[in-house]
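Mind docking chain R on chain L? Use the hints.
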Amino acid sequence: MEPVVDAASIVVVGSGLAGYSLARELRRLDAAVPLTILSRDEGSFYSKPMLSNALASAKTAAQIASASPQQMAIQLNARIVVGVEVDGIDTAGRILHAGGEAIRYSKLVLALGADPITVPLEGDAAHEVMQINDLAAYAHFRDAINGKKTVALLGAGLIGCEFANDLIAAGYEVHVIDPAAWPLGRLLPEDAARELQSALAAGGVRWHLGTTASAVSRVASRLRVDLGDGSALVTDVVLSAIGLRPRTQLAQRSGLKTNRGIVTDRCLQTSATDVYALGDCAEVDGRTLPYVLPIMQAARALAKTLAGTPTPVVYPAMPVVVKTPLMPVVICPPSTLSGSWRVQREAGGIEARFEDETGNLLGYALVGSAVSRKQALTKLVPPVLA
Amino acid sequence: MKTWQCVVCGFIYDEAKGMPEDGIRAGTRWEDIPADWSCPDCGVAKADFEMIETSGAAA
Chain L
442 MEPVVDAASI VVVGSGLAGY SLARELRRLD AAVPLTILSR DEGSFYSKPM LSNALASAKT
502 AAQIASASPQ QMAIQLNARI VVGVEVDGID TAGRILHAGG EAIRYSKLVL ALGADPITVP
562 LEGDAAHEVM QINDLAAYAH FRDAINGKKT VALLGAGLIG CEFANDLIAA GYEVHVIDPA
622 AWPLGRLLPE DAARELQSAL AAGGVRWHLG TTASAVSRVA SRLRVDLGDG SALVTDVVLS
682 AIGLRPRTQL AQRSGLKTNR GIVTDRCLQT SATDVYALGD CAEVDGRTLP YVLPIMQAAR
742 ALAKTLAGTP TPVVYPAMPV VVKTPLMPVV ICPPSTLSGS WRVQREAGGI EARFEDETGN
802 LLGYALVGSA VSRKQALTKL VPPVLA
Chain R
4 MKTWQCVVCG FIYDEAKGMP EDGIRAGTRW EDIPADWSCP DCGVAKADFE MIETSGAAA
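Chains L and R, in that order, are what the protein sequence lines are. According to this note's numbering, the first sequence is numbered sequentially starting from 442. According to this note's numbering, the second sequence is numbered sequentially starting from 4.
The reader is advised that the hints may include incorrect statements.
Claimed, not checked - Far from chain L, some chain R residues (derived; all Cβ distances over 12 Å):
id: 1; residue: K5
id: 2; residue: V11
id: 3; residue: T31
id: 4; residue: R32
id: 5; residue: W33
id: 6; residue: D39
id: 7; residue: V47
Unchecked claim - Listed below are several chain L residues computed to face chain R (Cβ distance under 10 Å; list not exhaustive):
id: 8; residue: F582
id: 9; residue: I586
id: 10; residue: R635
id: 11; residue: L734
id: 12; residue: K745
id: 13; residue: T746
id: 14; residue: M759
Since the hints were derived computationally from the structure, they do not count as laboratory data. Even glycine gets a Cβ: it sits at the ideal position worked out from N, Cα and C.
Just chain L, same shape as in the assembly:
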């Protein structure tokens, strides 16, 4: 039998934006309740959205980390355990098994995050394809491109476009490969996307759209990427930014209900009593929303629930800012597909409104000069979860 190390405490698994934001919100409501945070990495607090726009300003991983786990432990009056993997949860006994310890919990919060999606690739260098999903991976990537010239990006989604802009600004040659016909294919109507595409192309990005990478092979000191359309390109580093998949493995093997993410109700409770899920790993009322604003909304609601006042999460309209300084983009994704885009071009930008048949605004995309209307338009968009 493992030693039981704690009196029952609120235990948070994960030290990303979700875990630490929840802890901060909770401490504003309850300064005393015992709180334990388990981290599988080294537990620094950092801004994850900054990882895809920190190269141009030459930020090191150490500069992005704004607080050490020791500082966070003091600030949050919490016990923070770093470098620990959770093996399983005994939901009936309210015990967490982690690194040979049994940790008793009164309430458990899973803030596990998400894993980058990978695509199968042929070639002897397929394993050299990099991903950036945390601070350590950012540091690793920064080392890998040091003194190099070219980076090929797999994926022209939000993170792919941000990295493309950042790498161009940092002086690299950049290729972007994506099966969609235009960048941000799932979020933007064509005209708006073309504006972003040409601005990045003018900055130097070479687009390979409507095709996928099929193989990555080593050619002397460089890498060759073969594309599905029969062409090939030579690069120094390949970075994959295809998307995220909620981490559900721990929940699954602990008997919690999972679907795309860990299934929760509006109060963020999973299928087990006193076990909650938050952030990129959670599927809240049928939605997985891997963005900062939903995490902040959910963290606030969950902090109240944990402090004793059950509080369903409310999602207002939540615009997503795409950090592409060459052509800034703000998208407020409609929560329904029934509607159509109305695109209006203006000097230096595009305003695209997604409207229902009676002209009600359901979502929008703003490009270039139009991004200044973010606040005004967001007020008109109905809440995602009222």
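Just chain R now, with coordinates in the frame of chain L:
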């Protein structure tokens, strides 16, 4: 004039530029921004810990 950065999402507030579209005129100092103001990108409150002073020129 100083710039302030949201440590959660990276949003930068530049005192010199202000945020005219949000009703904050150019030149508004950080301490003069209302306490109930929140980060326009991630919703984090001003009253929280989330902003840090950045050094050097405005980004």
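Hints and how they fare:
{"no.": "1", "hint": "K5", "in the structure": "holds (17 Å)"}
{"no.": "2", "hint": "V11", "in the structure": "violated (6 Å)"}
{"no.": "3", "hint": "T31", "in the structure": "holds (16 Å)"}
{"no.": "4", "hint": "R32", "in the structure": "holds (21 Å)"}
{"no.": "5", "hint": "W33", "in the structure": "holds (17 Å)"}
{"no.": "6", "hint": "D39", "in the structure": "holds (15 Å)"}
{"no.": "7", "hint": "V47", "in the structure": "violated (6 Å)"}
{"no.": "8", "hint": "F582", "in the structure": "violated (17 Å)"}
{"no.": "9", "hint": "I586", "in the structure": "violated (20 Å)"}
{"no.": "10", "hint": "R635", "in the structure": "violated (25 Å)"}
{"no.": "11", "hint": "L734", "in the structure": "holds (5 Å)"}
{"no.": "12", "hint": "K745", "in the structure": "violated (15 Å)"}
{"no.": "13", "hint": "T746", "in the structure": "violated (18 Å)"}
{"no.": "14", "hint": "M759", "in the structure": "holds (8 Å)"}
The structure shown violates the earlier hints numbered 2, 7, 8, 9, 10, 12 and 13.
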